[in-house]
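Chemist: Please take these sequences and the hints and turn them into a complete structure.
Respectively, the protein sequence lines represent chains A and B. Taking my numbering, the leading residue of the first sequence gets 2, the next gets one more, and so forth. Taking my numbering, the leading residue of the second sequence gets 61, the next gets one more, and so forth.
Read the hints as simulated data drawn from the structure, not as lab findings. Accuracy of the hints is not assured; some may be wrong.
Within a straight-line C-alpha distance of at most 25 Å, the following computed DSS-like cross-link-like pairs (lysine-lysine) qualify [unchecked claim]:
#1 K70/A <-> K58/A
#2 K63/B <-> K43/A
#3 K113/B <-> K43/A
#4 K117/B <-> K105/A
#5 K130/B <-> K117/B
#6 K58/A <-> K108/A
#7 K58/A <-> K80/A
#8 K43/A <-> K108/A
#9 K43/A <-> K105/A
#10 K131/B <-> K78/B
#11 K60/A <-> K63/B
#12 K130/B <-> K78/B
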Amino acid sequence: EDQVTQSPEALRLQEGESSSLNCSYTVSGLRGLFWYRQDPGKGPEFLFTLYSAGEEKEKERLKATLTKKESFLHITAPKPEDSATYLCAVQGSGAGSYQLTFGKGTKLSVIP
Amino acid sequence: DVKVTQSSRYLVKRTGEKVFLECVQDMDHENMFWYRQDPGLGLRLIYFSYDVKMKEKGDIPEGYSVSREKKERFSLILESASTNQTSMYLCASRGDRHISRGYTFGSGTRLTVV
Chain A
2 EDQVTQSPEA LRLQEGESSS LNCSYTVSGL RGLFWYRQDP GKGPEFLFTL YSAGEEKEKE
62 RLKATLTKKE SFLHITAPKP EDSATYLCAV QGSGAGSYQL TFGKGTKLSV IP
Chain B
61 DVKVTQSSRY LVKRTGEKVF LECVQDMDHE NMFWYRQDPG LGLRLIYFSY DVKMKEKGDI
121 PEGYSVSREK KERFSLILES ASTNQTSMYL CASRGDRHIS RGYTFGSGTR LTVV
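Modeler: Printed below as a string of C-alpha cells:
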C-alpha cells in the first residue's frame, strides 16, 4: 500500500524566511510525485510533477526536489501570498495506478 | 486548460435528505474521482470511475453512491444525509493521456448537514 507522510503539519514563517516542507513516501514503483497548493475553501492546484530521484523543478519562489524516499518543497524568501496548504501525492505502478495517494498536507503561514 | 466544475460551492441540507453533488469536466478525461476533505484527516477517496457507467469503491464509500451516465459528468449521491457527512467534497479528473499533471480538481462543495 502506498503511503505519504508530510511534515510539519503547520509552519509559520516570517516574510523572507526560507524553509522546506517534507514529503516522505513509500510506493511500489514510483510513476510520479505531485505537489499541489490549496487555498482555503478551494480545490488543490497543480504545482509540480517529479518522476525520478535527482529531479528538480522550480516555479517562482518554489523548488521541488526528489530522492528515492522523500521530496522537499523549498520556499525561498516567502511572501504572505505563499500562505496555503501544500499537498504531496504519489502515483505507484500497482493496481488502480491512475489513483494518487495524498499526504495530509502542510499548512504554511507567512507573516508580514 | 482542463476545467472541472462542481455545481455548488455551498450547500446546506437537512438530515435524511437525498443530496446530489454534480461534477462536470470539459476535456474528455476518462478518470473521475470524488474525495472528501476534513481537518486532520486529509483527502479521503469515496468513489472513482474509469469509464462511463463504471464505478469503483474508494476507501470510504459507506453512505454514498455515484452515477456516471456520460463521460463528462460524475455525480455523488448521499442517499440519506447525516451530520457526519458535513465536509468539503472535491471532484477531480484525469486523462489517460495527460498523466503528467496528476489530477485536475474542482473548486469544491462545502456541504453542511443540519
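Chemist: Now look at each hint and say whether the structure bears it out.
Modeler: Going down the list of hints, with the structure as the test:
Taking the CA atoms of K70/A and K58/A, the gap is about 17 Å. The hint holds against a cut of 25 Å. Restraint check for K63/B and K43/A: satisfied, since their Cα atoms lie roughly 14 Å apart, inside the 25 Å limit. Taking the CA atoms of K113/B and K43/A, the gap is near 28 Å; set against the 25 Å cutoff, the hint is violated. Distance restraint check for K117/B and K105/A: the Cα-Cα separation of roughly 21 Å lies within the 25 Å cut-off, and the hinted pair is therefore satisfied.
The suggested pairing of K130/B with K117/B holds, with an alpha-carbon distance near 19 Å, which does not exceed 25 Å. Taken as a hint, the K58/A and K108/A pair is honoured in the structure, with Cα atoms around 21 Å apart against an allowance of 25 Å. Distance hint between K58/A and K80/A is fulfilled; the C-alpha atoms sit about 19 Å from each other, no more than 25 Å. Distance hint between K43/A and K108/A is fulfilled; the C-alpha atoms sit about 14 Å from each other, no more than 25 Å.
The hinted pair formed by K43/A and K105/A meets the criterion: a straight-line CA distance of about 16 Å does not exceed 25 Å. Taking the CA atoms of K131/B and K78/B, the gap is near 23 Å; set against the 25 Å cutoff, the hint holds. For a cut-off of 25 Å, the pair hint linking K60/A to K63/B stands: about 22 Å separates their Cα positions. Between K130/B and K78/B, the direct Cα distance comes to roughly 21 Å. Compliance with the 25 Å bound is thereby established for this hinted pair.
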